[in-house]
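Read off the chains here:
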Amino acid sequence: MNYGISDNPRHVGLELGYLRTLQCVEATLDMDQKTLKKLVESISNTVKNFKKSEVECLVRLFHSLVERANVRLNNLGLDRNAFGAILHSVFGMTDDMLMNRVFFVFDKDHNNRINVKECVKGLSVFLRGTFEEKLKFCFEVYYLNGDGYICREEIFDMLKNSLHQQSSEENDEGIKELVDITLKKMDYDNDGKISFADFEKAVREERLLLEVFGPCLPEAKLCCPRHKSVNCL
Amino acid sequence: MKEDTSTVNILDKVTKGEDSENEIKMKIARLLSQLDLHLLNHYLKHISLEISLNPTSVKNDIEMLKNFSGKGEQTVLESISYTSDYEFSNGCRAPPWRQIHGEICYVLVKPHDVETLCVTCSAEGVFLNGGKTDNEGEINYERKGEIYKDLVTFLKEKSAKFSENMSKQEKRFSDEKEKKEPTNEPPEKEEAAPVQKALTGSGKRTLEKNQINFGKSQMTKRLEPSLSWKATVRFKEYRSLLRDPQEEKHRRRPERSGPPVKPGRAQLVRKSNEKIEEIISESSSESEEGEEPLDRQEANADLPSEYWQIQKLVKYLKGGNQTATVIALCSMKDFNLAQETCQLAIRDVGGLEVLINLLDTDEVKCKIGSLKILKEISHNPQIRRNIVDLGGLPVMVNTLDSPHKSLKCLAAETIANVAKFRRARQAVRRYGGITKLVALLDCGKSSAEPAQSSLYDARDVEVARCGALALWSCSKSYTNKEAIRKAGGIPLLARLLKTSHENMLIPVVGTLQECASEENYRAAIKAERIIENLVKNLNSENEQLQEHCAMAIYQCAEDKETRDLVRLHGGLKRLASLLDNTDNKERLAAVTGAIWKCSISKENVTKFREYKAIETLVGLLTDQPEEVLVNVVGALGECCQDYENRVLVRKCGGIPPLVNLLVGVNQALLVNVTKAVGACAVEPESMMIIDRLDGVRLLWSLLKNPHPEVKASAAWALCPCIQNTKDAGEMVRSFVGGLELVVNLLKSDNKEVLASVCAAITNIANDQENLAVITDRGVVPLLSKLANTNNDKLRRHLAEAISRCCMWGRNRVAFGEYKAVAPLVHYLKSDDPNVHRATAQALYQLSEDADNCVTIHENGAVKLLLDMVGSTDQDLQEAAAGCISNIRRLALATEKARYT
Chain A
1 MNYGISDNPR HVGLELGYLR TLQCVEATLD MDQKTLKKLV ESISNTVKNF KKSEVECLVR
61 LFHSLVERAN VRLNNLGLDR NAFGAILHSV FGMTDDMLMN RVFFVFDKDH NNRINVKECV
121 KGLSVFLRGT FEEKLKFCFE VYYLNGDGYI CREEIFDMLK NSLHQQSSEE NDEGIKELVD
181 ITLKKMDYDN DGKISFADFE KAVREERLLL EVFGPCLPEA KLCCPRHKSV NCL
Chain B
1 MKEDTSTVNI LDKVTKGEDS ENEIKMKIAR LLSQLDLHLL NHYLKHISLE ISLNPTSVKN
61 DIEMLKNFSG KGEQTVLESI SYTSDYEFSN GCRAPPWRQI HGEICYVLVK PHDVETLCVT
121 CSAEGVFLNG GKTDNEGEIN YERKGEIYKD LVTFLKEKSA KFSENMSKQE KRFSDEKEKK
181 EPTNEPPEKE EAAPVQKALT GSGKRTLEKN QINFGKSQMT KRLEPSLSWK ATVRFKEYRS
241 LLRDPQEEKH RRRPERSGPP VKPGRAQLVR KSNEKIEEII SESSSESEEG EEPLDRQEAN
301 ADLPSEYWQI QKLVKYLKGG NQTATVIALC SMKDFNLAQE TCQLAIRDVG GLEVLINLLD
361 TDEVKCKIGS LKILKEISHN PQIRRNIVDL GGLPVMVNTL DSPHKSLKCL AAETIANVAK
421 FRRARQAVRR YGGITKLVAL LDCGKSSAEP AQSSLYDARD VEVARCGALA LWSCSKSYTN
481 KEAIRKAGGI PLLARLLKTS HENMLIPVVG TLQECASEEN YRAAIKAERI IENLVKNLNS
541 ENEQLQEHCA MAIYQCAEDK ETRDLVRLHG GLKRLASLLD NTDNKERLAA VTGAIWKCSI
601 SKENVTKFRE YKAIETLVGL LTDQPEEVLV NVVGALGECC QDYENRVLVR KCGGIPPLVN
661 LLVGVNQALL VNVTKAVGAC AVEPESMMII DRLDGVRLLW SLLKNPHPEV KASAAWALCP
721 CIQNTKDAGE MVRSFVGGLE LVVNLLKSDN KEVLASVCAA ITNIANDQEN LAVITDRGVV
781 PLLSKLANTN NDKLRRHLAE AISRCCMWGR NRVAFGEYKA VAPLVHYLKS DDPNVHRATA
841 QALYQLSEDA DNCVTIHENG AVKLLLDMVG STDQDLQEAA AGCISNIRRL ALATEKARYT
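If you read the sequences in order, they're chains A and B.
Everything in the first sequence is counted per my numbering, starting at 1 for the first residue and increasing by one.
Everything in the second sequence is counted per my numbering, starting at 1 for the first residue and increasing by one.
Watch out, some of these pointers could steer you wrong.
Said to hold, decoys possible - Derived Cβ-Cβ restraints for the label pairs, each shown as a range:
id : chain 1 : residue 1 : chain 2 : residue 2 : range
1  : B       : Asp362    : A       : Gln33     : 39 to 49 Å
2  : B       : His46     : A       : Glu169    : 46 to 56 Å
3  : A       : Met97     : B       : Leu390    : 31 to 41 Å
4  : A       : Glu169    : B       : Glu543    : 55 to 65 Å
To be verified - Now the stretches of chain A that chain B is said to cover, found in silico as 3 or more residues with beta-carbon under 8 Å:
id : segment
5  : 179-191
6  : 206-216
Source of the hints: derived by calculation from the structure; they are not laboratory data.
Just so you know, these numbers come straight off a predicted model, no measurement behind them.
Glycine included, each C-beta is placed from N, C-alpha and C at the ideal position.
With the hints as extra help, turn the sequences into a complete structure.
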């Protein structure tokens, strides 16, 4: 199942991305080789989807990205814009609102910065997540106000750009109906909002509903041969 | 004609040259002329595909529709009118500056259920335009919708009421017509007559009729209404008489899309109408299941609520982004897609087009969703056709290349559903689908893991299963079978057969079974050692799998080696044990079929007796469907070639049910039953039972059966009956007109019938009185007429019949007079020892007459006969010697006479 990334030198995965940015990383990493080791060690303990070598690469990559994004080192982390840019250029996401939401899900400690741990952890779901992990991830992306439900208004918000070429009035009407359709399909307990249980049940029944309110995972074609997606970084 | 003369000219020129290159030149010239012809044909095919409407056809359409418009529920439209009354000399009504765009005229149509439509009819087709603008008489020429082939198609798409009433009109119309015409379908040629009459008759009514006929047949394109096949045939005649040839060609295209066909004779008519190429490219078995009659109840004026809901969803499919599309698709999937209302609703609101278009996008999720729906609704035969008409197959075939396994699977499964009729199968092949489907079978190998154990992980199995499923559907056409073989499908199928995934095995075996009708395949199946695995899978618990394995064995077991293989791999025992479960009739038919074919080998019969299969088979002679009976009786017919089995069948009480089956009508069954009864009749005790049950009379009456195979088989069966009945002569005479019937069968032109009847006559002629009767009926000239034949089987039985018939009156002389003797002599040169014996005996009988002796001698028989005296066959020796001695005696007598 595991596609070797760093075991096999020919399967250049992260390494390539790393090498590309080597110049800028070297400077920052020369001094804290030990810290890096430790960091990798600690992250590897919590993130099971990546091998240690992969984690190391990701960490280095993260540093290079941070560097590129011109953020000061002692405040290690990607802000919303930098992260959005990555989501857009690497994972082909286009919807700003959803990118923000993905950012918030990555940003576990809600400090508006994604630090290296959050990044690796988030990516592990993003790229290698099991079905359950992805399910949870998507649901977190879709509910915003933190009450554990996706309510009608939120759905409306997320779907409001999903129809082409219509006057705003018609559009609202159309979206409302679409929201109704979605709720009818996914709201199993008929409480007017979608709980995680509803969501899980619906998605288990039909996998296509995983990203029901807009794409928030890397495109399937990027995911397919797994190392390639990372390679693009 | 022209081509021919030009070729001849070239050839002439060439032959005038004298050097040795002549031949080469000739060849080149011939090749060139062939190429020329080929190119012409090709070009013709090409232009015939281009569609264009012309003013006359549009006008006809509109006139026809006008005649059926007006107020009231029964009309097809409320009104239809041109926007302009002025007609240009070229038949167009569009202003000249629009005519250069190919537009012919503009029409205002008011259907019952939709608002007034402003329609442009142009050479390209018919489409909705922007409608009348506010200032009087101006039309917004902009195209607002898709282009349809013609007005009727367009309206059928736009207005449900129109299509509904249109089909009613047709029905009423054809009813009317049927009343007037001789109802019981006259043969095809006569079909043309009324049309011709209609054409010459100038009455307006007849004209109308033709027009409606015309419009009706055009609608076969849409395939919605249930047309009688007659209408289409008539239409074709009409067209070919009326239309200019160029247009005719493009019109013909839609017809191929298949007029609904009643099985049986209708099929013949259809076939004869179709291009020969198509006929030979398809195997015969498919037409029945392929072209289901497209009856449809469309009479629901108040549409079900699903209709509106689905319409809404389709709106989102059309106007939504990926997210909205996926939601709409998932929601649509929640409808009961197995229900016809939903299937048709999706189509009627234009959902099919959108679903098919989605397959052309890059959105994997949308494609998956779309295919999931298409897969379900394509169970409906009408939808299948629509999918093909909308060009769905090429995109699905392309989807097979996708790296996503689930997409591949869905596409293949949908193709499997769609390719249930001929045109679809053709399309799959034409777009390269067969190769891709065959490639799907290979996906286990190409995946990254080389480990043998995980060679087929679940998803790969699924891909292969879907691929096999689609191939199964496709393999019902002969050309596709070839394509599968050429694409290397057989080794792959053979490999899949070695796995143990039941779900996948069924389509794999199904495909093999379908393909095994071809000689090529049977050879390959033997070569790939597939039989072994078929036998293995026969042991599976899955009934469907058992059925298809048995079916495949049935197909392959025509070949002796295969029969032996089945035995060697222990398949016979399993087959015999499967006979015990008689609930699943399809499986029973397949199993009995396999037993039948296997029992052609003697060794297998012995095995079957060992496994007590014969008793079971006898038990299956009653209360079974015909498909089973044919095979059961066939098997018993083979088994009863053995003495022990004959006794066994009698003891199990098999004879009464067999004799009862003699009254059936199924041709295949009758052939087998007569054979089985004949085999039983070899044994005197069984014969007594047959006689008591009046079986001989039944057999005799089958000589009147229209099918030559049945006739022949019945005549063969009569032979042992006559041999083994005590008072055979009396019995035969008791059949009034029976002897005359037999003698008249000698006029048949079927060799098998003739041979069998000769054999029967041989037996009949054993009784002097009967011989006298058949002589009176003119048996001698009839037999004599048959003498010039090359068929050894016929020769043998004919010679036997002649030798037996010589026993009466002056028949010997008569045979000489009717010139039967000389050809008989030539039989001696045949390779078949049976023919030799029979001929020698006949010649011996004939040589009792002096004139015949002379003829025999003149034809050089003596030398040949002398050789045969040396034969090991005593009868032959004796007959040959007798003949020679007769000739010799005659010679001596003449010499004596000369010298005295």
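Structure-inconsistent hints, enumerated in ascending order: none
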